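Participant: Using the sequences and the hints, build the whole thing.
Chains A, B and C, in that order, give the protein sequences.
Under this note's numbering, the letters of the first sequence match residues 1 to 131, in that order.
Under this note's numbering, the letters of the second sequence match residues 1 to 529, in that order.
Under this note's numbering, the letters of the third sequence match residues 1 to 471, in that order.
It is possible that some hints are incorrect.
[Stated by the list, open to error] Straight-line C-alpha distance at most 20 Å; calculated DMTMM-like pairs for lysine to aspartate or glutamate:
#: 1; chain 1: C; residue 1: 73; chain 2: B; residue 2: 32
#: 2; chain 1: B; residue 1: 55; chain 2: C; residue 2: 244
#: 3; chain 1: C; residue 1: 16; chain 2: B; residue 2: 486
Calculated from the structure, these hints are not laboratory results.
Note that this is a predicted model, so its numbers are computed, not measured.
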Amino acid sequence: MNKDGLFYFSKSHEWIGKDSNSNKYRIGISDFAQSELGDVVYVFLPESGKTYRKDEKIGEIESVKSVSEIYSPADIKIISINSNLNDTPELINHDPFGAGYIAEVEPLNPADLNILMDDNSYRIFIVSHHE
Amino acid sequence: MPKFPGIRGFFLDEVPLLRQSSRGVRGVSIPDCGLKKTGLKKDEGAYINKKFIRKDPPNLPEVSEPSVVRHFTRLSSWNMCVDSVFYPLGSCTMKYNPKINEKIAGLENIKNIHPETPSFLIQPLLKIIHDFNCILCELTGLAEFSFAPQAGAAGEFAGLKIIKKYFDMKGKNRKKILVPDSSHGTNPASSVLAGFTPVEIKTGNAGTLAAEALEKYISKDVAGIMITNPNTFGIFEKDIRKISDIMHKNGSFVYMDGANFNAFLGNARVSDMGIDIIQLNLHKTFSTPHGGGGPGSGAIGVVESLKEYLPVPYVKAVIKSGANVKSGVVDNGHIKQDIKGAIKAKGLKSGSGLFYVTAADKKYTIGRMAPFLCSFAVLVRAYAYLLSLGKNNIGSVSEIAVLNANYVKKKLAKILQGSDPFEEGLCMHECVFNDKAIEESGVSTLELAKLLIDYGFHPPTVYFPKNIHGAIMIEPTETESIRTIDSFIKAVEEIKFKVKKSRAVKSPQKTKIGRVNEVLANKKPVFKY
Amino acid sequence: MNNFRYFPASKRDIAKLYRFLGIKDKKELFGKIIGDIPLIDADAFKILPEEMDEEFLNRFFLNVSSGIPAKDKFSVFAGGGIYSHFVPAAIDALISRSEFYTPYTPYQPEVSQGTLFALFEFQSMIAEILGMDVVNASMYDGAESLAEAVLMAMRLSPANRDMPASHKEDIILISGGVNPGCDSVIKTFTGGTGVKIVKIKLNGITGRTDIEDLKQKLASGSARVPAVVVQQPNYFGIIEDLEELERLIKNIAIEPLFIVSSTEPYSFGVINPPGFYGADIFAGEGNSFGNYMNFGGPLLGLFAAKKDYVRQMPGRIAGKTKDGKGRDAYAFILSTREQHIRRGAATSNICTNSSLNAVRAAIYLSLCSKTGFKEIAFLNLKLAHILRDKLLCTGLFEPLYSGDFFNEFSLKIKKNKNGIGAALFIEEMAKRGILAGIAASESAIIISATENNNISEIEKYVLNAKEVLYA
Chain A
1 MNKDGLFYFS KSHEWIGKDS NSNKYRIGIS DFAQSELGDV VYVFLPESGK TYRKDEKIGE
61 IESVKSVSEI YSPADIKIIS INSNLNDTPE LINHDPFGAG YIAEVEPLNP ADLNILMDDN
121 SYRIFIVSHH E
Chain B
1 MPKFPGIRGF FLDEVPLLRQ SSRGVRGVSI PDCGLKKTGL KKDEGAYINK KFIRKDPPNL
61 PEVSEPSVVR HFTRLSSWNM CVDSVFYPLG SCTMKYNPKI NEKIAGLENI KNIHPETPSF
121 LIQPLLKIIH DFNCILCELT GLAEFSFAPQ AGAAGEFAGL KIIKKYFDMK GKNRKKILVP
181 DSSHGTNPAS SVLAGFTPVE IKTGNAGTLA AEALEKYISK DVAGIMITNP NTFGIFEKDI
241 RKISDIMHKN GSFVYMDGAN FNAFLGNARV SDMGIDIIQL NLHKTFSTPH GGGGPGSGAI
301 GVVESLKEYL PVPYVKAVIK SGANVKSGVV DNGHIKQDIK GAIKAKGLKS GSGLFYVTAA
361 DKKYTIGRMA PFLCSFAVLV RAYAYLLSLG KNNIGSVSEI AVLNANYVKK KLAKILQGSD
421 PFEEGLCMHE CVFNDKAIEE SGVSTLELAK LLIDYGFHPP TVYFPKNIHG AIMIEPTETE
481 SIRTIDSFIK AVEEIKFKVK KSRAVKSPQK TKIGRVNEVL ANKKPVFKY
Chain C
1 MNNFRYFPAS KRDIAKLYRF LGIKDKKELF GKIIGDIPLI DADAFKILPE EMDEEFLNRF
61 FLNVSSGIPA KDKFSVFAGG GIYSHFVPAA IDALISRSEF YTPYTPYQPE VSQGTLFALF
121 EFQSMIAEIL GMDVVNASMY DGAESLAEAV LMAMRLSPAN RDMPASHKED IILISGGVNP
181 GCDSVIKTFT GGTGVKIVKI KLNGITGRTD IEDLKQKLAS GSARVPAVVV QQPNYFGIIE
241 DLEELERLIK NIAIEPLFIV SSTEPYSFGV INPPGFYGAD IFAGEGNSFG NYMNFGGPLL
301 GLFAAKKDYV RQMPGRIAGK TKDGKGRDAY AFILSTREQH IRRGAATSNI CTNSSLNAVR
361 AAIYLSLCSK TGFKEIAFLN LKLAHILRDK LLCTGLFEPL YSGDFFNEFS LKIKKNKNGI
421 GAALFIEEMA KRGILAGIAA SESAIIISAT ENNNISEIEK YVLNAKEVLY A
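Facilitator: Structure representation (C-alpha cells):
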C-alpha cells in the first residue's frame, strides 16, 4: 500500500481522500477490494458533473467472471472521471490509491467524512470481516 | 483398476479459412435452374435500381469444398463432446444423444417442409406435435404444453408472462417473484424480462428451502415463486407440497424450473407437487443434442386453469365428419384412444376421424414467442426418444441417473473429506462438493477442472451454485457405466493426493491450446477477423 | 428382461449400486428422497406406448415422412420469413460429427476450440455480409432477435440507462413492412415495459416505409422514441430505401436507434447491407444460410450492433485471444453482460441459443465463397423477376406494389369468375403440388423464388395458376 495523505474508507471498500499533488479529493476502491476482484477488465465510470448520495451506486467494475458495484463513499459531486481506466482498467489492480483512482470529486459535506473508517479502523474491519 | 481415457495429443493446426483464400475458388455449385435457355438480362441493374446494388460482394473466404471439409473437420477435433468423453457437467444433463433420432430428424421430407404448408398436407407432422403434447402431460400430470419457447430461458419467460397476464386480467398488480439464491441465473433474468421484480430467498446451508423460511417473504405483492426441483444442489425440495400450499393460499403461482427434470422423469409427477407451470428442456432430459450451445427447446406446461394463457399458435385436434371439419377440441379420452389405436396399427393413420390444425384461439394468450409453430426438428427427436423408451423403460432413466449420482456422491465424499455440504441423505441426479478438501492439497476448483481434462474427462460445472464455496457440481446421468464413473473418481483421487501444484497451474497441458488468457480477451476484445 | 440399449448399467450393476448405497429398491430410493410424493409406474401411462425397437421406430417415421409432400414433388414458392435454399451435402456431413453436435456450450475453452473457432468465423462472415462491427453467436430466431434489439434500444435510450425503468413515455416506431410474426413477438417481449408500439405506414404505391408518415410521427408529441425499426427487404419483398431513412432518423435531435431487420439476408449478396446506412443494430433471421426449413424451427437469430453498444448486446460473443504460450485461442467474452453472472440485471435471459445452426451457417458461407454467394443471390433475383413477369403476363394478377424487390414479391389476384381469393388459391395450388405463397390479405399473396426453384417449376406455377383461376 503506497499512499500519502488521509484516506477514508467505506464498508463497501471504497475510499475517498485528498490527493497530495492536486489538493483535490478523489475516490477509488481499496487495495483489498481490487485483490478480491482479480484482474479488472472493464470499469463503468460515473457521470461527470453528477451528484451522488452516500452509498448510491456510481459505477461498476468487471473482472472476467464477476461484476462489482461501486458505491459512493459519501455525498459527492463528480468533478472529472479517470478516463485512463477506459483503456487501462488494470490501473485499479496496479495502483488502486494512485493512478487507479475512479474520479475526482467534491465532497458536499467534508465534515461527514469523519464517520468513515480511517486507515487503521479499515484494516481492523477487513481482518474481522474477511478472515 | 479403472483406467483413465487419457489424452495422447494429436492435433492438427489450422488457420482461418479467410487466410486460405485463392481468388475465384469456391466450394458450392451454382445451379443452372434452366436459365440458359431464356436469354437473360446480364446484370443486377437490369432488375433493380442501381443505387441499391452492392458493388463489392462480402469478403467471404474463397476456398473449395475439400478445403472447407478439412478445415471444419480439424476444428471439430479440438472439441470434447458427449460421444467422446464422460461429460459430468452439472445442471446440463449431458446424456447420450441417440443416433436414430438424428436420422429421423434428417428425413428428407420432414426437414424440407415450409411452416406455411397447408394443414391437410402435413397431418402426420401436426399429429406428432399433438401426441407429444399429450405424452408430456402424462409425464407431468399437467393439462397442456406449448412448444413455442425455443429454449429453457424462453420457457421461463413464457411461464412468467402467463403469471403476469393472469394477474393483469384480474386487475391485480402483483410485482414480486420469489427466487432462491441458488437458482440458475436465467430465473431472475427471465423475471425481469417479464416485468417482475425478483426477490432473492436466502437458502443458507440447509440445502433445501424450508416452508417456514418462506413465510416471511409472503405478501399480497407476491405473484409466484420460481423453484428448481431438485434444486441446483441436486437435492429434492422436501417441503415442495407445503411450499405450493403456502403460495396457493396466498393466491400465488408455483413455477418450477424443469432443467433438472431428469431426476424423476417417469417416476413422479410435478402435478403431485402442486406445480402450476414448468418448462421442460428437451435438450436435457429428452436427449436432443445440445449442439455446442443450442438449439434446444423449452416446452412449457401448465395446469388446467392456465391453458388459455399459453402462447399461440398451437396444434389442436378437431373432429372430422365426412369431408367437413367440425370445430372443437377433442377431449383427452378420445385422443388417447386415437394414439393407442394408431400405434397398435403399426404406423400412423390419420383415421379415427381426427384432423389436426394450427390455431390461435387461446382466450388470454400471452401472444407469440417465435415466428412459427415450434422447433420441430428438436421436438421430433424428443418424441422419438420417448417412443424408443416406452412406458416400461422411462422410469429407469431417472432411477439410474439418481443411483449414479449417489454413487459419485458417496465415493467422492470419502476422497474429498469434509467437502460434501449435504453428506447426510441422498441427492438426486447430481451432487455438489465444495473446495475444502482439494484446497488442503493446494489445488483450486478451477485447477481441478483443468486437470481432469488431462485425464480425459470433461470438467464438472464449477463455481455454481454460488453459495457453495468453490462449487464442483457433478451430474453423471444414466448414460455412464460404473466403470466410467470409477475411472473419473480415481482421477479426482489422484489429483487430490498426487498432483503437484506446479502441474496444476499449468493444466491442461494435453489440449490443443493451454489455459486461455481471458483477461486479455475481455480487456481488448476482438470480435472478428 | 433385457437391458435397454441406452443404459450401460446391467441389472447386476444396478443391484450393485443399490447394495453400495444400502438401499433395497427403487421404491425405497425414491421414497427416501421425495417423501410422500406418489411414485408412479408404467401403469400410469395410458398414452405413452410400449417401447419401440429401432427398426420399428424407423418405419414409424418413414411412414410419417411418406405421408407428407416429398421434396422433389412439391415446389415451394413461399417465403414470408423462411426460405427454401439449397443445402450442400458437406454441411450435413460436417455437422453430423459428434464433436460439433454433442458438446454443451463452450464453458471450458481449452476443450471447445473447435466450436469457438467456428463461431468466431461465423461472426466474422456475418459481420462482413451485414457491414456491421460486432455480431453475436447467436439468438433463437429473427423475431426474438428483433424483440431483443428493441429492448436493447430502450436500455440505451438516454433517459433509460438502467432497466427496468419506466418506459410509459416511450414509443417504438415499427414499419408496416416488418414481418407480422416478428411484430407480435416484439409485443410479447416488450409487454411488461409499458412502451408503446406505433406502426409506420407503407407507401401505398411503392410498398416502402412511408417517409412522410415517419417524419410526422417523429415530429409529433413529446414522447421519446428509442428506436425506429424497418425490415430489409420488407415483408412484402420490397427493398427499403435505407439511405433516405437514415437521413431522416439521423437528423432528429434525440436520435433514435436505427434498427434494421431482415428475414432474407441472402439479399445482401446483391443489395447494400444495413451497415452501409448507419444501422445501429441489425437483428434478423439467418436460417437461409445452410439451414433447412424444418417446418419452422429451430432457426438462427442474427444479431449485430455498432461497437459502441456492445456492452448492451444480448447473447454469447466469441472473442479472439491468446493462450499462455502466445498461441491463438478463442473464448466467450464479455460474459458479465449475461444471466449466469449478472442474473436479474443481465442484458437478456438467453442461455441456450442456436449455436449449431450458426456453425452450419459458417460452413455454408465458407462453401459459397465470395463469388458463389453473389451469384446465388443474383440467381434468386433473376428467378423471382421471371416468375413475377410471367404471372403478370397471364392477366390474372396485378402488382400490389411497384417498389424494387429481391427474391420475394406481392401480387393481387384480380377478380375472377370463381371468386377465388388468396387463401383458396394457395389451397388449390397446394393440391397441385405447389406452395404458391403466403396470403397477405383476402386477395394478395406474397411469392418468393430461390435457387431451389427452376424455370420448369416456374412454368408449372404459371400453368396451374391459370387453371385454378380460369376453371
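Participant: Please go over all the hints and tell whether each is borne out by the structure.
Facilitator: Going down the list of hints, with the structure as the test:
1. 73(C) - 32(B): holds (19 Å)
2. 55(B) - 244(C): Status holds; Cα separation ~19 Å.
3. 16(C) - 486(B): holds (13 Å)
Going down the numbered hints, you'll see the structure goes against none, and every one checks out.
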